[in-house]
Amino acid sequence: MAILALKQRSADLAPEPDSSGPIELVRYICAIGALQSAAAIPRVVPITHCGPGCTDKAYMNVAFYNGFQGTGWGGGPVTPSTNASQREVIFGGADRLRELIESTLTVLDGDLFVVLTGCIPDLVGDDVGSVVRDFQKRGVPIVYAETGGFRGNNFTGHEAVVQAIIEQHLGPDAGERKAGLVNLWSLLPYQNTFWRGDLEEIKRLLEGIGLKVNVLFGPDSAGISEWRDIPRAAFNLVLSPWLGLSTAKLLEKRYGQPWLHIPVVPIGARQSTAFLREVAAFAGLPSAPVEDFIAREEARYYNYIDGFTDFYSEYWWGLPAKFAVIGDSAYNLALTKFLVTQLGLIPARQIVTEDPPDEHREAIRAQFRAIDHDVSVEVEFDEDSFVIHDKIRSTDFGQKPPIIFGTTWERDLVKELKGTLVEVGFPASYEVVLSRSYVGYRGALALLERIYTTVVSRSA
Amino acid sequence: MAINLKTSSVETREQRLGTIIGWDGAASSLAEESAFSRGDCASCGSSRGAKARRVCELQGPFTQGSVCSEQMVECQAGNVRDAVLVQHSPIGCGAGQVIYNSIYRNGLAMRGLPVQNIRFVSTNLRERDMVYGGAEKLDRAIRAAFDRHRPNAIFIATSCASGIIGDDVESVARACEADLGVPVIPLHCEGFKSKHWSTGFDATQHGILRQIVRRNPTRKQDDLINVINLWGTDVFTPMLKELGLRVNYVVDMATVEELAQMSEAAATVSFCYTLGTYLAAALEQDYGVPQVKAPQPYGFAGTDAWLRELARVTGREALAEDYIAREHARVKPLLAALRPKLKGLKGYVATGSAYAHGMVGVLRELDVEVDGSLVFHHDPVYDSEDPRQDSLGHLVETYGDVKHFTVGNRQQYQFYNLLQRVKPDFIIIRHNGLAPLAARLGIPAIPLGDEHHALGYQGMVNLGESILAVLQHRKFHQDIAGRVRLPYKASWLAEPDPFALARLATV
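Note that the protein sequences, when read in sequence, are chains A and B. Its first residue numbered 1, the first sequence is counted upward by one per residue in full-length UniProt numbering. Its first residue numbered 1, the second sequence is counted upward by one per residue in full-length UniProt numbering.
Chain A with its partners taken away, still in its complex shape (with noise of 0.2 Å):
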């Protein structure tokens, strides 16, 4: 077949070949795995323009075999698809996909359409653009994002989705800023297994303190009426080390919106307290309901973690004194900042692998260097999981068996290892998640839980 000719692109591609070699074991997907982001918003719909396997692939994989959490109200196998074919390929899908935007809005319900591209009409030029356009000049609630697999992964195609819903959804003018209202951007939906319970967390410690939140994602939102509320809000909380900041700027430069970014997404009492206390600072709350909060939640929690402390002052058999975490880097600070501040455990290895992008990488390292006032680690970037699973088996770990905060790809290592794995990031085909969550005051118990019952039920 001959070769296509690429779609104009706005920035200039690298001349010098790029360093992305083989990975195995995949801990991301392309771009348009984004359609599951999309799905992640009540009654939106994505619509895919690829090949008849990008959908399934996609869903099955993170929303499926990773916590078994589902997929949504118009995601996974609703997912209209032009599935597109060899005449597509030849002679260009843009008219296959007009039909199928058309006949989506007599099957479907749904509040608003997304369009995510594949690889196929991002090689062959298709102008997608066009076609959603006059979808949108009838009225149609109606967007579309490039997420052709090639051009980056599930990570940056979410700020795609994100960016093409405020760009073509949302009016230009901010109107009246609503006092107390934030917009919350932070963990990946459907990429991080435990999302929808930690969004639920994280918006029940603002709202905690005051303030009102437009969650954006998963079930505590209102959907895409939230959505259109997002020039309202006061500010928004990037609440991750880089996901959601192009977002942030994107809507200051739209709608002058300040922005608040904090990189550690807090579990545990001390960095969920740390937490509020700086979002109330920058919101200019009053302090007095944000310390009763405070007090309420910590009282709550250092209750149980008073019946814990037995537990793990004398339990006779032996429990991990190193960990190793590999993970996208939300996750993977959020609980080595946890384990090493509230546990006192070691780090031996932590290995960030969602390919952040480089500018945002120093800040990582940076983040990781100052973990706790005694404790400086040095952050690792890798994707490919062979690499990683060499670099964790000549890792020392003492004479205890390590603890390593993986996925399912660690399931063997960690036997060779004869640790104990904790599944907690893409992929964890081995855990059913609902609404539990691993962050905030709540979210931690439930993480010592599981750490700890995993630990002890290997013991006989």
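With a Cα cut of at most 20 Å, we get these calculated SDA-like pairs of lysine to any residue:
hint, chain 1, residue 1, chain 2, residue 2
1, A, 415, B, 110
2, A, 418, B, 105
3, A, 418, B, 116
4, A, 418, A, 457
5, B, 346, B, 404
6, B, 403, B, 345
7, A, 415, B, 115
The hints are simulated quantities; they were obtained by calculation from the structure and are not laboratory data. Values in this document were obtained by computation on a predicted structure and should not be read as measured data.
With chain A fixed as given, assemble chain B onto it according to the hints.
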């Protein structure tokens, strides 16, 4: 029509067999329209200048995400135990590593084999590779796969992206094979090339036939039977042992040597002609290994005929008759106890094509009513072109018609109307994406991850017991059914014809 192993790409199912993915009517009509019933296959279709038989196909404007050939390559070539699959693609195609790892690990455990991760390497094509080509990355990935795992074979799965940019996968593979000294096997499975994913099975088998199967075997293993299957429990070993035969399971979880020795076997069988059609026919054509041409081993009629034909091909008729008699005697009282509990129930089968033909038969043996079935595609003929393999015809002749027989490529929106039409008590299903909809309608599903569950005499008992078990799940499903909303418009949910849009489009 001969299978051509000289070309590197497999011919698609639609080219070879006239495969369709949209049809609705009575099973008897589809059997009638299919090639088996037309006698001389060479005459039909040729009038149109086409190689394959044609059955009128329904095609509509609305389609939901389906499945591609590359996924079937993953689930076959990717599960060969001492091989590595290199995916020449952007990282998204590598998503399949997750599902097939889970299936592989659980399959290994079911068979008592050492559990391990699958071994897939993605070449990780990026934007600049789309411009400059990905051949160099492919070369690197193949060599990395070899250095890391010392596999006995390396498979390469192509992708939509590598196909469109025109990477010369063949040359890279040949060069690597010469250097590494193990077969390096390109499997051409670009998702856009075939409208049905089952072409991916054929792509895998094509590559194995070309580059792994021993060409001039010096020995013949007269008691070895190739069993084309997936990851199901080992039900064939005890069954074939009764005939003094040994099992060579292919392709999933086989070793490269087990694949190589296929040409030495006495015969080839499979649990499903959809999966086995290409490999079995080619082994017969190019290596003289006969494939068993009989109904599939489901229900009494199918299993009897299948065992007798296997026995005939391998010269073990007396052993087979003895085994058949013993099994009938053993199973009949068990079924007699099950049937009254199942009588009056309505079942629905939604699985791959030939497999569904078998499942409907088993349900009818159990006195379960079957008014409807959905198959994900239909092959008007299998590669053998032998009417003894007409699995749909066998179903209709042995068990009577299925009134609402539908061919659809896993389209959830149609599944709603299909279920409304027949209102089953439970469904039997393989392949994801449909059972959750049924669940929301209050209908429990038996998901057959183990494809051997309903096979042979014991399979009838197994399935009967599974039905009784899953009916208990109705409590869960009916609880949720009243509380969920479906994402389809009320006008669509009220539509009685699942193919209304397609018929509108063809008027």
